[in-house]
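Knowing the structure of chain L, use the given hints to seat chain S on it.
Protein chains in written order, with the UniProt record's numbering: chain L, 1 to 309; chain S, 1 to 315.
I should point out that these hints are in silico values taken from the structure, not numbers from a laboratory. Source: prediction; values computed, not measured. Please note that a few of the clues may not be correct.
These stretches of chain L come out as covered by chain S in the derived footprint (C-beta under 8 Å, 3 or more residues) [to be verified]:
1) 43 to 55
2) 179 to 191
3) 227 to 237
4) 247 to 255
Ideal Cβ positions, reconstructed from N, Cα and C, are used throughout, including at glycine.
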Amino acid sequence: MDAFQGILKFFLNQKTVIGYSFMALLTVGSERLFSVVAFKCPCSTENMTYGLVFLFAPAWVLLILGFFLNNRSWRLFTGCCVNPRKIFPRGHSCRFFYVLGQITLSSLVAPVMWLSVALLNGTFYECAMSGTRSSGLLELICKGKPKECWEELHKVSCGKTNMLPTINEELKLSLQAQSQILGWCLICSASFFSLLTTCYARCRSKVSYLQLSFWKTYAQKEKEQLENTFLDYANKLSERNLKCFFENKRPDPFPMPTFAAWEAASELHSFHQSRQHYSTLHRVVDSGLELSPEDDETTMVLAGTAHSV
Amino acid sequence: MEKFRAVLDLHLKHHSALGYGLVTLLTAGGERIFSAVVFQCPCSAAWNLRYGLVFLLVPALALFLLGYALSARTWRLITGCGCRASATCGSGLRGSLVCAQLSATAALAPLTWVAVALLGGAFYECAASGSAFLAQRLCLDRDRNCAAELPLVPCHEAKASDVQDLLKDLKAQSQVLGWILIAAVIIILLIVTCVSRCLSPVSFLQLKFWKIYLEQEQQILKSKATEHATELAKENVKCFFEGSHPKECNTPSVKEWQQISSVYTFNQKDQYYSMLHKYVNRKEKTHSMRSTEGDTVISVLGFVDSSGINSTPGL
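The following block holds chain L by itself, in its conformation from the complex (with noise of 0.2 Å):
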């Protein structure tokens, strides 16, 4: 039993790595069933269209899901037509666009993940190339190759060509090969470039190291709290009200947060040295439900840490 606890523990603190693995093994499924379930080339001129969809509307679903699954998307536009100012504070006008930029990158990573499996798989690739009319494509393709590679090239994939069924398998695999050598180079360019903006973040992060990890824990437990209080709260007022309905007694009060307490809390975060607040909850219980915003930093904090409540 000990054990047990042990390893959930385990799996617990290792949670960011085992979502974006959980993450990467759903990709590679699902483009598997995709590939030999629905994927079926149609060898015509209508190849490129078929094969570019395949490869981009996942991608761009899973795009979107990660806007709707990310909790600060919700936190940054909730009231902000209601309220311009909230998002567009004197002075910090860029800040709506830095936390739009850091949400898109986040949710940049799935359809990255689909990508880079869909193109080192070859078949969407293969099928969208070989439906190419830009005359350019065609000869790095056809170099060498009989006549009949630019007019049939569309039918190489079902191998019904009018060419020799060696030359067919040649032009099969270097399809194939563009498209692993397409995948490889944007997983490395991807885990290039957020290696890059990660070293650049923690490199102007007015915080230090430990300060940082505490950050992190005080979020997660704060945001624990805040769920807990809620359940309480709402049990409470929810048991008043039904009992007054049900007895038809006027109500006790019940002390609850001001419209405006609530509008200051859900603000979004920015860290200033002189303060030390760890989260817009933590300022504003202790500047007495304060609004404006002074000379704030913004620590650039990657997705996935002390915002994602």
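Same frame as chain L, now just chain S:
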């Protein structure tokens, strides 16, 4: 037991996403079963188009109506509407906003059906091979008998091989249409959700608290209603068998139930989380709730009406 509770908590936190995921899976599974078992293209020029379109669109319509029927908000809006004054039914604009929201939620399952059916390809292949307009476009540089043989293509009975190859084209068109539909629907969904959140007068944390409050209220309403109903039933049955007079039971009147069952309206000046909350906090004890100036129906607060005694919130 602890692990089971953790799973249950996860379910409660993300029940909306899980609900939508389940609906999508069920629709996709149902479509696969239909197209594999039930659907058999007649391969005739007269019937292909009609058969394919019926299989594509009629289940979608059925799912749309089912979506309306399964939403608690529909019943909250409709129940008692005919007998009461139109003021409680809501003005034209409010009613149409609520209707639009209900339609949008009910449209999820039919759109999933159509998208999965298009990705599968069988229904579109059958319908398109029977369409004269598409036959003209597809048969441009082919056999003379292409147009005549096209309806036989889904059954693999076309004699000319290049006409049979058109099956792959049809399937490709179907799948491309399916993906375009999914991409368009999801971006529209994102835009609509962003706009409704943008126009929300309520902040992020308060909305979060609000959803938790509604769940709790629903649970406690159910248990209190059960308790109250049991007491009242016991008293009535006892008095029936003993022939005695029942003691005065303080049960809410018809008017009170009506007041808490109407469609929720938000007022900037108060912070009431449900019609029940509003009713309990009304100014004078004997007066009923009146519609005050500033009461509006907010699209992002649609989840308030979805709670009831028996239904799942948010679905």
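Here is how each hint holds up against the structure:
no. : hint       : in the structure
1   : 43 to 55   : holds (count 7)
2   : 179 to 191 : violated (count 0)
3   : 227 to 237 : holds (count 7)
4   : 247 to 255 : holds (count 4)
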